[in-house]
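Student: One-letter residues, chain by chain:
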Amino acid sequence: MMTFFFQNLVNALQWGSFYALIALGYSMVYGILMLFNFAHGDIFMVGAYIGFGVATGLTALASAGAVALPHWLVLVLTILISMFLTSFVGMAVERFGYRPLRDAPRASAAITGLMIGIILETANLALLGARRISFPPLIRSVTYDIGGVYVTNKKIMIVVVSIALMVGLHQFVRRTKWGMAMRAMAFDFVVVPLMGVPLNTIAAMTFALGSALAAAAGILFAVAYPVLDPYMGIVFGWKAFVAAILGGRGSVLGATLAGFLLGFIEIFVAMIFPSTLRDFIAYSIILLILVFRPHGFFGEPYSARLRL
Amino acid sequence: MLLTVNNLRVSYGNIRALHGIGFQIDEGEIVCIIGANGAGKSTTLRAISRLVPVEPGTGMRYMGKDLLAYPADRVVSELGISHVPEGRRLFGNLTVMENLTLATFARKDRKGIALDLDRVFSIFPRLAERKTQKAGTLSGGEQQMLAIGRAFMSGRKVMLLDEPSMGLAPLLMTNMFEALEDLNREGTAILLVEQNARLALKFAQRGYVLENGTLVLQGPSQALLADPQVRRAYLG
Numbered sequence: 001m002m003t004f005f006f007q008n009l010v011n012a013l014q015w016g017s018f019y020a021l022i023a024l025g026y027s028m029v030y031g032i033l034m035l036f037n038f039a040h041g042d043i044f045m046v047g048a049y050i051g052f053g054v055a056t057g058l059t060a061l062a063s064a065g066a067v068a069l070p071h072w073l074v075l076v077l078t079i080l081i082s083m084f085l086t087s088f089v090g091m092a093v094e095r096f097g098y099r100p101l102r103d104a105p106r107a108s109a110a111i112t113g114l115m116i117g118i119i120l121e122t123a124n125l126a127l128l129g130a131r132r133i134s135f136p137p138l139i140r141s142v143t144y145d146i147g148g149v150y151v152t153n154k155k156i157m158i159v160v161v162s163i164a165l166m167v168g169l170h171q172f173v174r175r176t177k178w179g180m181a182m183r184a185m186a187f188d189f190v191v192v193p194l195m196g197v198p199l200n201t202i203a204a205m206t207f208a209l210g211s212a213l214a215a216a217a218g219i220l221f222a223v224a225y226p227v228l229d230p231y232m233g234i235v236f237g238w239k240a241f242v243a244a245i246l247g248g249r250g251s252v253l254g255a256t257l258a259g260f261l262l263g264f265i266e267i268f269v270a271m272i273f274p275s276t277l278r279d280f281i282a283y284s285i286i287l288l289i290l291v292f293r294p295h296g297f298f299g300e301p302y303s304a305r306l307r308l
Numbered sequence: 001m002l003l004t005v006n007n008l009r010v011s012y013g014n015i016r017a018l019h020g021i022g023f024q025i026d027e028g029e030i031v032c033i034i035g036a037n038g039a040g041k042s043t044t045l046r047a048i049s050r051l052v053p054v055e056p057g058t059g060m061r062y063m064g065k066d067l068l069a070y071p072a073d074r075v076v077s078e079l080g081i082s083h084v085p086e087g088r089r090l091f092g093n094l095t096v097m098e099n100l101t102l103a104t105f106a107r108k109d110r111k112g113i114a115l116d117l118d119r120v121f122s123i124f125p126r127l128a129e130r131k132t133q134k135a136g137t138l139s140g141g142e143q144q145m146l147a148i149g150r151a152f153m154s155g156r157k158v159m160l161l162d163e164p165s166m167g168l169a170p171l172l173m174t175n176m177f178e179a180l181e182d183l184n185r186e187g188t189a190i191l192l193v194e195q196n197a198r199l200a201l202k203f204a205q206r207g208y209v210l211e212n213g214t215l216v217l218q219g220p221s222q223a224l225l226a227d228p229q230v231r232r233a234y235l236g
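Chains as they are written, first to last, in our numbering: chain A, 1 to 308; chain B, 1 to 236.
Capping the alpha-carbon separation at 27 Å, the derived lysine-lysine pairs in DSS-like fashion look like this:
#: 1; chain 1: A; residue 1: K177; chain 2: B; residue 2: K157
#: 2; chain 1: B; residue 1: K202; chain 2: B; residue 2: K157
#: 3; chain 1: A; residue 1: K177; chain 2: B; residue 2: K131
#: 4; chain 1: B; residue 1: K157; chain 2: B; residue 2: K108
#: 5; chain 1: B; residue 1: K65; chain 2: B; residue 2: K157
#: 6; chain 1: B; residue 1: K111; chain 2: A; residue 2: K177
#: 7; chain 1: B; residue 1: K108; chain 2: B; residue 2: K131
#: 8; chain 1: B; residue 1: K111; chain 2: B; residue 2: K131
#: 9; chain 1: B; residue 1: K111; chain 2: B; residue 2: K157
#: 10; chain 1: B; residue 1: K134; chain 2: A; residue 2: K177
#: 11; chain 1: B; residue 1: K65; chain 2: B; residue 2: K108
#: 12; chain 1: B; residue 1: K108; chain 2: A; residue 2: K177
#: 13; chain 1: B; residue 1: K111; chain 2: B; residue 2: K134
#: 14; chain 1: B; residue 1: K108; chain 2: B; residue 2: K134
#: 15; chain 1: B; residue 1: K131; chain 2: B; residue 2: K157
Residues from chain A shown here face chain B by an in silico Cβ test under 7 Å; the list is partial:
#: 16; residue: K177
#: 17; residue: D188
#: 18; residue: P193
#: 19; residue: M195
Since the hints were made in silico from the structure, they are not lab data.
As the structure is a prediction and not an experimental result, all values here were calculated from the model.
All residues carry an ideal CB built from backbone N, CA and C; glycine is no exception.
Sequences are here, hints too, so could you generate the full structure?
Tutor: Structure follows, in structure tokens:
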């Protein structure tokens, strides 16, 4: 029984990592701009595809003998390069999708986000066709038997990389002046320029950070489940969005914990109930939590000041 | 002239808040704009800080530059015009120190920042004691100190002050105006906007009277304090 529990715990941590990484992007953008970036799930998809391109390219280089790249280095480079490239996709979404709507009703921005998502999905479809593509196996899977609990090196890697990224983000938001500006924007958007802080730079940076994390999630997901399709971001996006709400507006810690909690609830519900009921029961539980904590775990019951 | 404003017009939707006002501030001066609630005082300051859009025909020149060519953040970081907004608008989720540090976001002069920080703490020792405290937990007087300190850190050729006396006990008010006089002696020009006309005119060298978006009177503070119209309408 205990091994069964720990086996599921490992899975929950892995899925929680995906949700948390994506949820952070939702939460940060919502925190500073009071905007639900509904295209964010598709950024996760774009990140996975960019990762596919980078990984394929690097693998080809390595096997052609152009450069000596061990497999783990290919993976590390794939993650870093894809995070970097995907951050520009996020910044473009902010610059051309949301910035012109800064003063428009929030509903306009939400609709725009959904449209951008559809454009990203269909553009992918148009470019690469309707086939699913398989992500190159960058690391050989090794399974460890720890007291009856089977843990793969991939799962360990996924959880460790995710947590490292989250800790890094947390430190960035806590300790740097850009992070300070983000926290200030979440509290009182309009007077931030009076501190000499360029709002647009911080907004773009926030999208870049969120998109980079979503790209990391996309690649880590592809390492575990190496099949990509253009619509893979939709369900992930919505679930991570729920995690962001559950965590509380703009809270890095909240989004992280809620992402993991979501993973746990899903996996453990599936442990007890038939898997067809998994999401129904899991999200009913979350709905119930939100009834009692409508601002989420770390959300404060104030709304950011968006006007003078 | 340090700052010259001409024909300043601002509208909110269909409602015109400022009907083409003009005024100047000279280097090192303390100038006040008095007027009733809703006269357009805050809007005037927000227009200078570029927080609200102005209508075509408006002219604002600052040290020979076209102020309208600067976005809000560069008005602070490049032109040195700081703004203590109405209601202070501190970042309550940041500590006192973080509020002060954030105001130096665009500054590169580490030494200057350190000196200015010392200066703020010597003017307002209470802030030094409360450095690590969240700004949201400060008392009203301390919050006003922090709001002024923060503006000082961000830029201080000109300081725009929006109702700094609001919600302060008389003794705190006196302390605050003394601190502002200190800053002014060190070269910061001050544009003060106040409903409390007597207080503002005692503090400022010159004043303007704003009524329904139009400047109706201007002159040295002494003259305005003695003016029968001002006395009747604002000094009661």
